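Knowing the structure of chain A, use the given hints to seat chains B and C on it.
Going line by line, the protein sequences match chains A, B and C.
Residue 1 is where the first sequence starts when you use the numbering used here, and the numbers rise one by one after that.
Residue 1 is where the second sequence starts when you use the numbering used here, and the numbers rise one by one after that.
Residue 1 is where the third sequence starts when you use the numbering used here, and the numbers rise one by one after that.
For the record, the hints were derived by calculation from the structure and aren't laboratory data.
Check the hints yourself; a few may be wrong.
Each computed SDA-like pair below joins lysine to any residue, with the alpha-carbon atoms no more than 25 Å apart [stated by the list, open to error]:
no., chain 1, residue 1, chain 2, residue 2
1, B, Lys644, A, Arg20
2, A, Lys168, B, Lys333
3, A, Lys168, B, Arg470
4, B, Lys644, A, Val155
5, A, Lys168, B, Pro579
6, B, Lys644, A, Leu13
7, C, Lys328, C, Leu317
8, A, Lys168, A, Met32
9, B, Lys333, C, Thr25
10, A, Lys168, A, Leu13
11, C, Lys328, C, Pro234
12, B, Lys173, C, Thr306
13, B, Lys644, A, Thr162
14, C, Lys14, B, Arg470
15, B, Lys644, A, Gly27
16, A, Lys168, B, Ala640
17, B, Lys644, A, Val109
18, B, Lys644, A, Trp25
19, B, Lys333, C, Gly259
20, B, Lys644, A, Gly163
21, B, Lys644, A, Gly51
None of these values were measured; they are calculated from a predicted model.
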Amino acid sequence: MSVRPDPLDVRALPSYAFGRLSLMWWGTVGMMLIEGTVFAICILMYFYLRGIAPAWPIDAAPPDLLWGSVNTLILLASLLPNQLAKRAAEREDRGRARLWLVVCLLFAVAFLVVRALEFGTLNVQWYANAYGSVVWLLLGLHTTHLITDTIDTVVLTVLLFTGPFEGKRFVDVSENALYWYFVVASWLPIYAVLYLAPRGGT
Amino acid sequence: MTEAASVSRERLYDGPDAGAATHSALAQTWSDPPGWRGWFAAINHKTIAGRFIAATFLFFVLGGLLALAMRWQLASPRTRAVGPDMYAQLFTMHGTTMMFLFAVPVMQAVATYLVPLMIGARSVAFPRMNAFAFWIFVMGGAFLFIGFVAGAGPNTGWFSYVPLASADYAPGKGVDIWAQMITFTELAGLLEAIVLITTILKMRAPGMSLSRMPLFVWATLVTQCMVLFAMPSVMLGSTSLILDRLVGTHFYNPARGGDVLLWQHLFWFFGHPEVYLIFIPPLGFISTIIATFARRPVFGYTAMVLSLIAIAFLAFGLWVHHMFATNLPEIGKAFFTAASLAIALPSGVQIFCWLATLITGRLQFRTPLLFVLAFFFILVLGGLSGVMLGSVSLDLQVHDTYFVVAHLHYVLLGGAVFPLFGAFFYWFPKFRGRMLSERLGRWQFWLFFVGFNVTFFPMHWLGLQGMPRRVWTYPEGMGWDGMNLLSTVGAFAIAASVLLFIVNVARSWRHGAIAGADPWHAGTLEWTIASPPPPHNFDAMPVVQGREPAWGARPRRAVSGLAADAREVLTTSVRDADPLTRSLFPSPSLWPFISALATTALFVASVFTPWAVVWGAVPVALAVIAWFWPGRAETEQALALETKP
Amino acid sequence: MSAAQAADNYSVLKPAGVQAATILTLWHITLGVCSIVFAGVLAALLFAVHRSRRGVRDNHAAEGKAAAMQARPATRRWVAGASIASALALTGLVVIDFMTDRALSRLPVADALHIEMTGSQWWWEARYPGRDGQPGFAVSNDLHIPVGRPVVVTLQAADVIHTFWVPNLHGKKDMLPGRPTTIEFRADEAGTYRGQCAEFCGVQHAFMAFGVTAETPEQFDQWQAHQAAPAANPSDDTATRGRDVFLASSCAGCHTVRGTSATGNLGPDLTHFASRPTIAAGTVPNERSVLMQWVRDPQSLKTGTTMPPAALPESDLQAVVHYLASLK
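The following block holds chain A by itself, in its conformation from the complex (with noise of 0.2 Å):
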């Protein structure tokens, strides 16, 4: 009868890590992956219906520049205080962590404000063809992401401010960040599809 080998023993591991290493990390990539599928998909609707339309946009202007281009520079620019916030978790630094999340929420203020001058200025509604139907759904989901994070972002602030805390609300604040810039990267091939596309070509 052999030996019973020694036990593997786990007690001196981490309780919790940063990053791949995180089990929080695997669910955001998936929802990334998620979302992202969305928006790929309907961004696919968009050229689908522009290839079998003769003339686009339908009947309409193509939405003004000047908001979405604002917007997408104050999501760029957000993307600053979002990396500062997730550099301060790693290093467990709850002080700067709790100033730059505050500053995100400013960012965000902003562009939930500008978000909605957007969808004044498409020079469309969703109502009048098929055109402005899949404008008003490219531009909503996005939006629907703009408003999550925002909740997101708030209530882990608020968090970080109240407790109760425990190191791995470091990893949550990480993990947030990188949803944060998922939300804004996602943003730059819907600004070119809505506002730069009908402008291209015909």
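Relative to the frame of chain A, chains B and C by itself:
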């Protein structure tokens, strides 16, 4: 190490040398809370999976009853048991129930039960989200059936083509309810996919590298990755349909720039992978059952895994074969013929590997194996009729006839339902601790096998004789009467076989022979623990050294050092399952259930008024925030166990 | 018509035209290949079962050895060989599939007869072009075509998706709203072939059939000339009264009878209604008593049909039916 040494401070730690006190502490830690509140707050993966499996089985039975009503109506051309509109609701509900409420979810449900047991884990990842997904699924299915019973059943087919499904031609709420049910079930499916993928990649026992993972776990991983990319398509499609119907968008309205084929693309880009979501997990059941009852590992592990991955990729490239009769360009259609036939190749490789296993193994003909052997007859026949349908020219003759009804039932029942029953017989002893009756199992099997072929084989001929699908009756004198009657007789035989299964389960529940931990002498980890498993699954996490750990050398190495009085879970690395962290998992909570109720209110109300999307979102947000918000006690426990990275 | 005859004029297996015949050839080849594969898989399965029943008995202690079993080279060769054979068979099938698709698309269509068909819930309208000084005309549910001459049918849908399908002549083609398309075929044998809608299009999808009569070119010319002519004048008083009631009531709002003031186009053209074998797209035979019931209460014969009941007193109803029966 003695038990005394394994206790430090006031805390009990698990390990291979831990004693009964530790085991009961583990059981206590991982149990569901008692009482009614506890019932709604439960998050143990086995509890949720059990409920989930029971719910999908209930939908299977309901879907079957709907089919019996259809077959009754079609038994003779003179039958007028139901009228055309009710028949349209029957076939819509039958297809919808079987595809959205049974076939796809049951595979996820079984996986959430089995995967942790097979990979040596105490839980699934995100157990609260797992519970939430279950509640959403059940509420979505209930929504559909309540609508049906209340006279607002959908009646435009399970695939709901526009413009028939638009507000102009399908007034009333039936189609809206159907489309929103899709939102429910696809949300649940997507969340379950995240749960399962994360579990499989990050929570395997140390030593269970990817190349040592059981084939069923591979099948689940591949399937759930497909879910992420397939389900969004139908969600967008059905959401666009609701928008067209309720707020006046024009996605599918050709008069305003929309396109009726857009729906078909969105639906089938999901719909074709969907049948593989249904088919691939049973490929995992078959591998498991064949290995056990051939008393040898499946031949060609690497080829089997690569075939699964190939099938998953190819599945996304076939969808236009549902649209061969449309006016899409011929050259495009030809590509999809090539792809549709190509996918037969990896499926064929798997079949050849299994046949090789069966031929070189020593077979024990227990009921699970019988159901798996039926696969080789029924699925292969269905796959071959699929090769026929992959040809544009042949498809143009038999598309939308009973030939397709025959094909789809041969592949779905042969490829999924027969192996699923095999899986039920195989794992029921683990789930319940008692064996199902072999005798009743054999009766069920033969009644099902014969009944199935009597029901569906004649339909190939009916299709060639021109009988279209989705007809509530047919003219006399077409020569279709005899085959239809035969088909109906077979359907009742199938029903009888399902009834036998229910009787078997009911009797064996309390009176079946005691199973013990390993009645089949099988090779995977779930057979190394008690039947039924304790709440914490493993007294000590195993350290895995081969592909069939239960057939491996003893004594087996194990993990020690996880707290017994806290829900500590070991997470490991993706490729080689090296230990990484001791993660503290959340405890039972009512918030997933409450969030599901709020989400249901949002979804249901928005079928009646678009403003519900706005005000309905508020309770959902509040419930989800409350769910996430950490409690004081749980934070203190976490801090006591905290070790920084 | 006997069941056997009915089976013959509505079957994939009894081609009466070149397109359907080409497809049937492919069917036979594919069926042959698939049957061989199926037999092979079953043979392997039975071999496995047979070998096991003859072989070693249950041995619970053997699972250790099972786990240590190595893959034998012979097994590997068989699996690889079967896989390669499958790949070759599948490639072969793809090739003949492509060849068949191409053959179907290359039907010579010089001197084709052009028909425009529109599918509606739940009937068919076919418009024939004018020629030789004869005007074009519309018929419903019963087409005639000349044997041996290609036919190009333009397919449109008035409401939802329908599908044009005459199995004896060709495969299906969808009629998609907003996406007009064509189907091309040729009848090579005279006969009357049944067609049916093959895309679920609402409650009476089951009763949306039509007929295609292929006849000699001379017979076809006669038919075409007859259909192009305006409606026969009423031959007796009842028919005259029937025509007057028809024109005065809601009938004329939906139906056309060329040569009268009825020019409605929501329902089928009735100019030569009495020359058709069935009413309501193959649902019921075109006999006087049935026609009475149809006009009086269409829902009783085809629930959900869009034709409203005729709110006419009984004697008016009889006169209208008498008139319709005279429209040969």
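To see whether the hints hold, each was checked on the structure:
no.	hint	result
1	B:Lys644 with A:Arg20	holds, 16 Å
2	A:Lys168 with B:Lys333	violated, 52 Å
3	A:Lys168 with B:Arg470	violated, 55 Å
4	B:Lys644 with A:Val155	holds, 24 Å
5	A:Lys168 with B:Pro579	holds, 18 Å
6	B:Lys644 with A:Leu13	holds, 9 Å
7	C:Lys328 with C:Leu317	holds, 19 Å
8	A:Lys168 with A:Met32	holds, 21 Å
9	B:Lys333 with C:Thr25	holds, 20 Å
10	A:Lys168 with A:Leu13	holds, 14 Å
11	C:Lys328 with C:Pro234	holds, 11 Å
12	B:Lys173 with C:Thr306	holds, 21 Å
13	B:Lys644 with A:Thr162	holds, 21 Å
14	C:Lys14 with B:Arg470	holds, 24 Å
15	B:Lys644 with A:Gly27	holds, 21 Å
16	A:Lys168 with B:Ala640	holds, 13 Å
17	B:Lys644 with A:Val109	violated, 34 Å
18	B:Lys644 with A:Trp25	holds, 17 Å
19	B:Lys333 with C:Gly259	violated, 47 Å
20	B:Lys644 with A:Gly163	holds, 18 Å
21	B:Lys644 with A:Gly51	violated, 55 Å
Figure legend: structure checked against the earlier numbered hints; hints not met, in rising order: 2, 3, 17, 19 and 21.
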